[in-house]
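Protein chains in written order, with the working numbering: chain A, 210 to 388; chain B, 155 to 256.
Simulated from the structure, these hints should not be mistaken for lab results.
Please note that a few of the clues may not be correct.
Covered stretches of chain A, as calculated for chain B (at least 3 residues, CB under 8 angstroms) [unchecked claim]:
hint	stretch
1	259 to 270
2	301 to 315
3	333 to 344
Heads up, simulated SDA-like pairs for lysine to any residue below, C-alpha to C-alpha not over 25 angstroms straight-line [claimed, not checked]:
hint	chain 1	residue 1	chain 2	residue 2
4	B	K242	B	E228
5	B	K244	A	L242
6	B	K255	A	G370
7	B	K244	A	S361
8	B	K244	A	I280
9	B	K244	A	I369
For glycine and all other residues, C-beta sits at the position ideal for the given N, C-alpha and C.
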Amino acid sequence: MTLYQIAFLVAAFLTLVAALMTVSSPSMVHSALWLILTLGGIAVLFLLLNAGFLAVVQVAVYIDAIAIMIIIVVMLTQGAVRRQLQQVSRAWWGAAVAAILLFVGLLMIFNQTPALATTAPPLLQSQEAMLKDLGQALVDVNHYILPFEVASVLLLAALIGSIIIAWPLRKPESEGGEG
Amino acid sequence: MIPLSWYIIFAALLFCIGLYGALARRNALAILMAIEIMLNAVNITLVAFWRYITPEYVSGQAFALIVFAVAASEAAVGLALIISLYRKRKTVAVEEIDMLKW
Numbered sequence: 210m211t212l213y214q215i216a217f218l219v220a221a222f223l224t225l226v227a228a229l230m231t232v233s234s235p236s237m238v239h240s241a242l243w244l245i246l247t248l249g250g251i252a253v254l255f256l257l258l259n260a261g262f263l264a265v266v267q268v269a270v271y272i273d274a275i276a277i278m279i280i281i282v283v284m285l286t287q288g289a290v291r292r293q294l295q296q297v298s299r300a301w302w303g304a305a306v307a308a309i310l311l312f313v314g315l316l317m318i319f320n321q322t323p324a325l326a327t328t329a330p331p332l333l334q335s336q337e338a339m340l341k342d343l344g345q346a347l348v349d350v351n352h353y354i355l356p357f358e359v360a361s362v363l364l365l366a367a368l369i370g371s372i373i374i375a376w377p378l379r380k381p382e383s384e385g386g387e388g
Numbered sequence: 155m156i157p158l159s160w161y162i163i164f165a166a167l168l169f170c171i172g173l174y175g176a177l178a179r180r181n182a183l184a185i186l187m188a189i190e191i192m193l194n195a196v197n198i199t200l201v202a203f204w205r206y207i208t209p210e211y212v213s214g215q216a217f218a219l220i221v222f223a224v225a226a227s228e229a230a231v232g233l234a235l236i237i238s239l240y241r242k243r244k245t246v247a248v249e250e251i252d253m254l255k256w
């Protein structure tokens, strides 16, 4: 047991427990707080994988932006949540069976994959040089400029789309919902 | 050092937890959270394979960054939809959102 293995096991255990609490907690606010712990544990795993930049992005994008946004929406819709006591559907056992079956199937595939026994090869260059390479590859014509630009257009479309969707209704009586 | 299989089994477990949440919860927000967990599990797999199999390329990290962008836009649009639905129907339970069913 090296220090890295202990760190991995602690982070992975915490992440899994937090994820289980996220999907099973009856209170939505608690669910969202457990989600933050899950995302933080994954940031630690990114650090263990020598992907420091991704760990920072994980904290900045997921914990800072997405999780806070989810908490705000939970609080905006709190009235409906309090009224609705039953959080899981009647067929929750079907979902559990599907998830367990998927896990067993994945384990069977992993058993046949020889590459999974490898340990990490040493990094060829320092973290700083890797980060520089990543930044240059993202805007390099021969590498990933097309996915990069598509992602930026997607973000712009999501921005405009969510503003239009969440725009306040001017005449609620003319809309389809009966309240 | 940590074997690759630990990461992959961890990511599979996390993905299955997320799948259970997405299928079993009635709250649209909880389903969105479960989907975020599943996207994170996929990201861990992607970065683990990059680190252990092809650390000389940057493609694994570049892919993970694109997944981040997609997850952010998905969360933004999903939350806007939930807010809009809550305004119209005063509910976030997915089986009560049946305006397209007839």
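Structure-based check of each hint:
| no. | hint | verdict |
| --- | --- | --- |
| 1 | 259 to 270 | holds (count 7) |
| 2 | 301 to 315 | holds (count 10) |
| 3 | 333 to 344 | holds (count 4) |
| 4 | B:K242 x B:E228 | holds, 21 angstroms |
| 5 | B:K244 x A:L242 | holds, 24 angstroms |
| 6 | B:K255 x A:G370 | holds, 23 angstroms |
| 7 | B:K244 x A:S361 | violated, 33 angstroms |
| 8 | B:K244 x A:I280 | holds, 18 angstroms |
| 9 | B:K244 x A:I369 | holds, 24 angstroms |
Violated hint for the displayed structure: number 7, the only one.
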